[in-house]
Amino acid sequence: PCSYADGYQMVVLNPGSSSYKNYATTRGTMLPVYLEDPGVPYYFKVRGYVIRNGTTFGAYTKPIKLFLPEQTSNLRITGSTSNSISLEWDEDPEDGVLYEVWRRTEGFDDYVLLGRYADPSKVSTCLTAGTTYYYKVRSYYYFYDGNDNIHRIYGDYTPILTGVPQ
Numbered sequence: 001p002c003s004y005a006d007g008y009q010m011v012v013l014n015p016g017s018s019s020y021k022n023y024a025t026t027r028g029t030m031l032p033v034y035l036e037d038p039g040v041p042y043y044f045k046v047r048g049y050v051i052r053n054g055t056t057f058g059a060y061t062k063p064i065k066l067f068l069p070e071q072t073s074n075l076r077i078t079g080s081t082s083n084s085i086s087l088e089w090d091e092d093p094e095d096g097v098l099y100e101v102w103r104r105t106e107g108f109d110d111y112v113l114l115g116r117y118a119d120p121s122k123v124s125t126c127l128t129a130g131t132t133y134y135y136k137v138r139s140y141y142y143f144y145d146g147n148d149n150i151h152r153i154y155g156d157y158t159p160i161l162t163g164v165p166q
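Numbering (the numbering used here), first residue to last: 1 to 166.
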């Protein structure tokens, strides 16, 4: 944010368009962004403005690419041992997509985040033979704002996959 700015203008380059269009104007420093089509990139730029005998606009930021990742698909078990289950899923075609793997244990209500991964696979370890485990995966895209805060844009979870270590 600029200490002298009276507000900010955000413009967007929509898919299939050749020119930026006004997206929103705000006097604050936060704007919600709504991405509708999974896998389709949108490019945003922001500039500050001041109101002194008219409106004067500053320069635009570099374009920021944002997109809603597609739902991760084809979550499957590729192997198991008495204390592990190996998972794989189809890789998202868009660059920069990462994955969160979540697990719930039979008898418990809450899912636990196992981690965030760049590769479309995970070996879930330290399991108990004969216990049922429930898995779901979602893809996400992340970016840093001008204040070095991380923001994640999530796709939908996969359907839940059940596994029992053998």
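Don't take every hint at face value.
[To be verified] Computed cross-link-like contacts, DSSO-like style, restricted to lysine-lysine with a CA-CA straight-line distance of at most 27 Å:
1) 62 x 45
2) 65 x 45
3) 21 x 45
4) 136 x 122
5) 21 x 65
6) 62 x 122
If you're looking for bench data, these hints aren't it; they were derived computationally from the structure.
Results of checking the hints against the structure:
1. 62 x 45: Between residue 62 and residue 45 the Cα gap is close to 6 Å, so the pair holds against 27 Å.
2. 65 x 45: holds (9 Å)
3. 21 x 45: holds (10 Å)
4. 136 x 122: Between residue 136 and residue 122 the Cα gap is close to 12 Å, so the pair holds against 27 Å.
5. 21 x 65: Judged against 27 Å, a Cα distance of about 15 Å means the pair holds.
6. 62 x 122: violated (36 Å)
Hint 6 alone, counting from the list given before, is not met by this structure.
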